[in-house]
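Asks: Line by line, the protein sequences give chains A, B and C.
If you count the first sequence from 1, position 249 lands on 249 in our numbering, and the numbers rise without skipping.
If you count the second sequence from 1, position 97 lands on 97 in our numbering, and the numbers rise without skipping.
If you count the third sequence from 1, position 167 lands on 167 in our numbering, and the numbers rise without skipping.
Honestly, the hints are just simulated from the structure, not real lab data.
The structure presented is a predicted model; accordingly, all values stated were derived computationally and were not measured.
Backbone N, C-alpha and C fix where the C-beta goes; we use that ideal spot for every residue, glycine too.
Hints are not guaranteed to be accurate.
Not close to chain C: a few residues of chain B, all C-beta gaps over 12 Å, as computed [claimed, not checked]:
no. : residue
1   : S43
2   : E49
3   : Q99
4   : S167
5   : L263
With a straight-line Cα cutoff of 27 Å, these simulated BS3-like cross-link-like pairs (lysine-lysine) come out [stated by the list, open to error]:
no. : chain 1 : residue 1 : chain 2 : residue 2
6   : B       : K2        : C       : K104
7   : A       : K198      : C       : K278
8   : C       : K89       : B       : K260
9   : C       : K7        : C       : K89
10  : C       : K29       : A       : K226
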Amino acid sequence: MGLDINTKKAKKNAFRISKERGMGASRIRVPGGYLNAEILGMVQEIAQTYGNGIVHLTTRQGFEIEGIRLEDMDEINQKLQPIIEMLEINQTDPGSGYPASGTRNISACIGNNVCPFANYNTARLAKRIEKEVFPNDLHFKIACTGCANDCAKVRLHDFGIMGMTMPQYDPSRCVSCQACIKGCKSLSVDALRMENDKIIRDTEKCVGCGVCITKCPTRALTRSKKKYYKLTLMGRTGKRNPRLGKDFLVWADEENIIRIILNTYRFVKEYISPNAPGGKEHIGYIIDRVGFEEYKKWALDGVELMPETILNECLYWDGIHFDNKGK
Amino acid sequence: MKNEYVPQLSEIREVIPHTDLEYTFRMAWEGPEVKPGQFFELSLPKYGEAPISVSGIGEGTLDFTIRRVGKVTNEIFENYVGDRLFIRGPYGNGFDLEQFRGKELTVIAGGTGLSPVRGVVDYFARHKEECESCTLIAGFKSPKDILFKEDFAFWKNRISVVLTVDSAPEGYEGSVGMVTKYIPELTFQNPQNAAFICVGPPVMIKFSTLELLKLGVKEEQIWISHERKMCCGLGKCGHCKIGGTYVCLDGPVFNYTEGKDLLD
Amino acid sequence: MGYQLSKQQAAEMFQKLSKTYDLFAPVRKKGEGCFSDTDVIRYEKVSSPEEIAWEAKSDYSFKEALLPINETLFYFTEDETLVPKAPAKARLVFLRSCDLHGVKRLDEIYLKNGYEDYYYARIRTQTKFVLMGCPSSCQSGFCVSMGTNRSDEYDAYLKPAGEVLYADFHCPQLEAYAAETGAAQAGVTPDYVTENHEKVTLPKKLSNESFSNKIWEEYGNRCIGCGRCNFVCPTCTCFTMQDIFYRDNEKNGERRRVWASCQVDGYTDMAGGLSFRKSQGDRFRFKVMHKIYDYEKRFGYPMCVGCGRCDDVCPEYISYANCVNRLAKEEEAHEE
């Protein structure tokens with residue numbers, strides 16, 4: 001009796017159909033790449049019981065247990081259940097594994113749990129977004145990074161969320177040591193200068209990375225109470241026209257970013273090509289087709305930006321083109 | 001309680017240019033007696049203060065010889081005409097003339113280092129009878145850097161003066177060479193009664209005192225004056241501190257026995 | 001005389017004290033630490049016991065309550081100066097025993113050592129000190145080694161315990177505030193530690209010979225010259241004068257003094273280009289020698305009070321305490 005497997009369903013259930021007949025891989029999403037080490041033991045057990053003992057750490061911070069037999073998928077889904085629960089993944093039917101795979105794992109750098117540069121808890125935000133958007137079959141890539149260094153490479157994502165902080169300066173604590181100026185110059189964008197022995201910040205240049213704050217020896221520079229984010233849009237890899245995401249919102253807040261992401265799901269549902277192979281079309285391609293103005297209308301629906309948020313009204317992406325040679 | 005930080009306005013009575021970079025400002029002064037080697041904090045508000053040693057003490061006036069080297073001194077050069085400066089002082093111990101009375105005194109000075117000892121040299125040039133002998137070895141970078149030219153003209157007829165420059169254009173008739181070159185040539189009637197003052201840049205002090213010691217001079221016969229960043233002049237700000245010594249309070253004049261141990 | 005104040009009585013006492021005094025105490029500033037979502041404990045005006053960070057040592061010492069980081073000495077026009085008025089209220093400064101010993105060091109420099117400092121003196125004479133006890137040792141402090149773990153020189157001692165506040169007074173004026181609330185009398189003695197986790201032995205035979213020690217170069221290579229150690233230190237007192245002018249009228253301005261650090265570039269720079277202690281190693285040596293040798297030579301007791309803040313704050317993990325211990329050990333080894 002031959003294997004009779006609905007591969008479309010299997011793929012949406014977070015299994016990969018491998019190049020070897022009858023074999024596959026089980027993919028475990030870990031929002032923010034942040035997990036209790038206990039899960040590692042569970043992954044190990046599945047890999048050694050059902051797979052070939054090898055686990056691949058995916059580029060999106062998940063596990064891919066390789067060498068599993070496709071007929072074991074149901075059993076493996078049972079074994080995945082405690083992992084899914086520990087990671088608090090939204091799920092409709094317990095015991096049925098992951099409910100979708102289109103919207104990719106929300107990845108994140110290590111964030112301010114550990115990193116001195118990070119401006120927020122990236123794992124927490126990644127999990128919050130995961131809660132809002134998953135499960136969904138639409139192909140969305142979202143990533144969170146702690147600061148403008150962008151270790152999480154969020155500019156290669158449809159939505160990149162970059163932590164920012166608005167430096168708060170108390171001149172009465174400043175000793176004119178210039179550590180902030182030197183730090184900004186060597187590690188960031190050279191946005192600080194001294195006048196009258198006090199610091200002046202060029203707000204046009206400042207990227208809110210927070211380097212000046214970590215360099216300040218007297219707490220004259222501190223972080224804003226509010227956490228700020230930069231939202232970059234429509235970065236992508238791919239065969240035709242890879243691009244870096246562009247700054248859409250600067251000095252934005254968490255709530256509005258989430259609203260924009262959710263609005264984008266509605267936009268994609270409306271405009272996705274009915275002929276998209278496997279119901280999968282990059283959001284960027286859709287925006288290219290219908291125009292940024294139309295996308296913006298959808299994205300900003302119900303969004304009330306804070307006064308300090310800068311909205312880039314007009315975005316234009318370039319990038320490497322492989323499909324327009326000679327045009 | 002006196003607020004030592006608040007300066008007083010003092011009128012600029014006269015300006016005596018020496019070189020392109022160095023002028024003497026003769027300032028009005030009414031206050032306690034001032035000794036050569038002491039210093040004042042001179043300031044123009046908004047440009048800050050600079051410690052300047054007293055280069056001359058007159059009747060109701062004080063001389064400050066200022067080298068144009070920083071933002072404060074630059075500004076003083078630009079703004080002097082008929083103007084006033086803020087001053088506060090005197091600070092530091094200065095030279096005690098008593099210590100040199102009746103001695104065979106040799107003063108070795110480099111560049112603006114002559115300012116703090118000018119008063120000492122001038123005193124003994126005018127009161128020759130009060131010391132056994134007085135010799136001045138003064139060095140400048142080049143002939144155009146020579147300060148106090150009128151004083152030299154006066155002094156050379158009254159005391160023994162070696163005025164030397166590190167280097168000079170061809171045809172220069174004066175002495176050429178470092179001050180250290182002239183130290184071995186010094187002779188004394190009674191070496192025990194000799195006294196020495198060394199003032200100038202740190203390197204010059206270092207090598208001059210070495211030469212003196214080679215001559216068999218005892219450490220306690222040598223006095224030096226230290227240049228440091230004296231920001232408050234009051235033993236508070238810490239900038240002039242070397243080890244446990246506050247140059248602004250304990251100095252800037254030190255006997256070599258003490259001064260030699262002041263290492264940065 | 002000791003008292004036990006109820007929550008309400010304590011609130012009342014603080015309220016009344018605040019009318020006469022500016023109360024400066026360590027306060028936990030949420031999110032204002034060096035890194036994201038970290039706190040800093042530093043001094044600020046308070047008016048209730050709840051605002052005070054009793055639970056941990058402050059990251060920055062009390063000294064900013066007596067020596068503002070930026071202090072205007074006078075305002076000037078082209079030919080006049082105007083000295084700002086002294087603070088209207090007297091001060092109560094809350095601090096721990098190590099810091100109370102630090103006060104003596106500040107006094108040594110600012111009230112003695114040459115001239116009496118006008119600005120420090122006018123605040124200092126109006127200041128009373130409230131001791132905060134240490135029921136257990138902090139991680140980095142070595143107050144026991146430095147003999148600063150206890151102090152009786154307080155005007156008041158306060159200790160919150162659950163719903164009550166214990167108080168002891170040496171100053172009758174302050175005691176009146178407690179008595180007025182009708183608080184019950186109680187036997188109160190300050191908490192202090194008798195042993196630290198960190199122990200430090202001072203070298204006995206430092207001299208100019210110690211300049212050639214290799215240890216300075218080693219630490220100098222690690223030090224980044226940020227000056228944090230100086231700024232958190234309760235005994236560092238250096239400052240720099242600054243003249244600033246008002247942008248709208250450049251002929252007017254003010255002269256300030258601003259905290260300075262012997263580790264930061266520019267500390268010894270003179271107009272004309274002379275500067276001393278150019279290497280970070282020389283600066284580190286200067287600081288350590290000052291804390292444990294030079295100051296003592298001048299004033300008769302060590303400068304360091306063993307609060308351990310410099311070790312806590314160093315971003316390069318340089319331990320001053322360990323450096324001092326290494327110097328002492330080397331000395332011992334040399335003798336054997």
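Asks: All hints, please: hold or fail.
Replies: These are the hints, each one checked on the structure:
no.: 1; hint: S43; in the structure: violated (7 Å)
no.: 2; hint: E49; in the structure: violated (6 Å)
no.: 3; hint: Q99; in the structure: holds (22 Å)
no.: 4; hint: S167; in the structure: holds (20 Å)
no.: 5; hint: L263; in the structure: violated (6 Å)
no.: 6; hint: B:K2 to C:K104; in the structure: holds (22 Å)
no.: 7; hint: A:K198 to C:K278; in the structure: holds (25 Å)
no.: 8; hint: C:K89 to B:K260; in the structure: violated (48 Å)
no.: 9; hint: C:K7 to C:K89; in the structure: holds (25 Å)
no.: 10; hint: C:K29 to A:K226; in the structure: holds (15 Å)
Of the numbered hints given earlier, the model fails hints 1, 2, 5, 8; all others are met.
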